[in-house]
Amino acid sequence: MNEIIQVESLTKIYPADKGRLPLRAVDGIDFAIHEGEVFGFLGPNGAGKTTIIRMLTGLSRPTAGRAQVLGLDLAADLPRIKKRIGVVPEASNLYDELTAFDNLLFAMQLYGVPRRERKARAEELLRRFRLGEKRDAPFAKLSRGMKRALTIAAALAHRPPLVFLDEPTTGLDVMSARSLRGMIVSLRDEGVTVFLTTHYLEEAERLCDRVAIIVKGKIVALDTVAGLRSGAQRKTIVEVTLAGADGQPEKRRLECEDGVESAVQRLLGETGGRRVLSIETLRPSLEDVFVQLTGLSAEVMLAEKGGKGGGNAGG
Amino acid sequence: MLADDLRGMFYIALKDLKAYYFKPPNISWGILFPFAFILAFAIRNPGDLRGLVPGLLALTILFGTSSMEAIVIVFERRIGSLERLFLAPLRLPALLAGKLLGGMTFGLTVTLVVLAISLAVFGARGTDWLLLFLALLLSATAFSALGAFVSVAVREVFEAQTLANFIRFPMMFLGGVFVPVESLPVWLQVVARCLPLTYSVEALHAALSGGSWTTAALDLGALAVFSAVLFSLAVYTLSRHIE
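Protein chains in written order, with the working numbering: chain A, 1 to 315; chain B, 1 to 243.
Calculated directly from the structure, the hints in this document are not laboratory data.
Honestly, I wouldn't trust all of these hints.
What the hints assert, rightly or not - Simulated pairs of lysine-lysine, DSBU-like, Cα-Cα distance not exceeding 30 angstroms:
id	chain 1	residue 1	chain 2	residue 2
1	B	Lys18	A	Lys83
2	B	Lys18	A	Lys251
3	B	Lys23	A	Lys141
As the list claims (entries may be wrong) - Here's a subset of chain A near chain B, in silico, CB distances under 7 angstroms, partners left out:
id	residue
4	Lys82
5	Lys83
6	Val87
7	Ala91
8	Asn93
9	Tyr95
10	Phe101
11	Val113
12	Pro114
13	Asp288
14	Val291
15	Leu293
Stated by the list, open to error - Not close to chain A: a few residues of chain B, all C-beta gaps over 12 angstroms, as computed:
id	residue
16	Tyr20
17	Leu32
18	Phe166
Virtual Cβ for every residue (Gly too), placed ideally from N, Cα, C.
Full structure from sequences and hints, please.
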């Protein structure tokens, strides 16, 4: 499997400033991202997620450590790396005065997309991100969700094989967040590697092939969502719903360490001939894993970002 | 890499001109402001009106290039869009050169309008066109670099405007626009020699009145030095914004 990003001992220390002590924002982390996967950094506010993206995209200089992006050394080949990545920062930051179309055109001009391809590519992106009707509207006049979509479109304008998305759905309404998640999934389907940061557990669970949980600049866990779950809790809970004597359903749970099959058999043996309405296997959610690893609650994470917003609201 | 830099420069300038510069208030302000100053001075001291043209042109370039230039970068930094340029595949000097090119193009365009009006009124007799071209170009470069330096040196738009005016207004009165530098007290003449506007006015005066190339060359050289120093300072200051 090709590794599109390789990071070794990456560290960022912000020097002491105005009476504040030096801040170790990223603390000697190691990780690798495989080509074509959606990789998520999950963590609370101030965990170091954005700092890592800023270092890997050249907006911040690492204090120590090394990184390779697209097979190129970050310290030595930054201009070549920049040409082949797309970056969507946390705040949508296109030009208010330019139209949706002109913003895309400018992105393509900067990245050297051939002149003959620009117009068609801009139109294609506007259609794909459902912004066709807003082609000639200034960026300032777009809704928050549309601004986000256009910012992502601009990052994709030069067809980069690697895209960084910093908190892509923060602050969006439910429908916009849902729509953007669909776009992220379609990027993966096209073979684009996506590196995203999020504080929405559900988003990480739905979108990411692998997730790294980061707290205080350190990676405390890195695996597939399934791997994180199984690592966090070896036991499986089987829940059987029985038809009660009074007509009300009755739920019974059994924790099992020796496989689902034996647990189901044991529970069925205890039914006393009553009708079984349903049998479910309950596995720990990413939220359970997160709480276990960090000691933080999901509510704390969301509160830090100013409420649940659209990102947590399903989709 | 050079091709990426040149392309980036060109399109950054084009984008800035479209997004910020060529707006009706900027154009009218760029032309009217220097005219108003010169008119006020001419009414108070009627006399050699043609002698005021170099100062009028220099003021037009100064305000045309630096007014918007001084706030564009700090404005884009505030709204986050400057980061888009930091992320683009071009080097920092090219990014800043693109910004300068936008300011220079606008300043020179407005100045050409003022020049055309001046030549229509006073005639073009004795004009050294090559010297005029070089004087306008180097003045625009120096003043645009001044605007860029102001813009990267501060954090807020209002600070940029304050700092730009703090530099430009004393320069306007000491730079030979209204009174010859030679008529100032010696210590003020020393101060005037530290200001790019002084050399701009002198070079434009030489260009419009068929003056000596020997002294004009010194003025052009001084403007080139100001351009290089201010541009380097701006690049260095901007590079410190990358954490």
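Tested hints:
1. B/Lys18 - A/Lys83: Holds: B/Lys18 and A/Lys83 sit about 24 angstroms apart, inside 30 angstroms.
2. B/Lys18 - A/Lys251: violated, 67 angstroms
3. B/Lys23 - A/Lys141: Cα-Cα ~18 angstroms, so holds.
4. Lys82: Hint on A/Lys82: holds, closest Cβ of chain B at ~4 angstroms, below 7 angstroms.
5. Lys83: Interface hint status for A/Lys83: holds (4 angstroms vs cutoff 7 angstroms).
6. Val87: Since the shortest Cβ distance to chain B is 5 angstroms, the answer is holds.
7. Ala91: holds, 5 angstroms
8. Asn93: holds, 4 angstroms
9. Tyr95: holds, 5 angstroms
10. Phe101: violated, 12 angstroms
11. Val113: violated, 11 angstroms
12. Pro114: Violated, about 11 angstroms.
13. Asp288: violated, 36 angstroms
14. Val291: Hint violated; A/Val291 Cβ to chain B Cβ min 32 angstroms, cut 7 angstroms.
15. Leu293: violated, 28 angstroms
16. Tyr20: Non-interface label fails for B/Tyr20: nearest chain A Cβ at 7 angstroms, not farther than 12 angstroms.
17. Leu32: holds, 23 angstroms
18. Phe166: About 25 angstroms separates B/Phe166 from the closest Cβ of chain A, which puts it past 12 angstroms; holds.
Consistency note: the structure conflicts with the earlier hints numbered 2, 10, 11, 12, 13, 14, 15 and 16.
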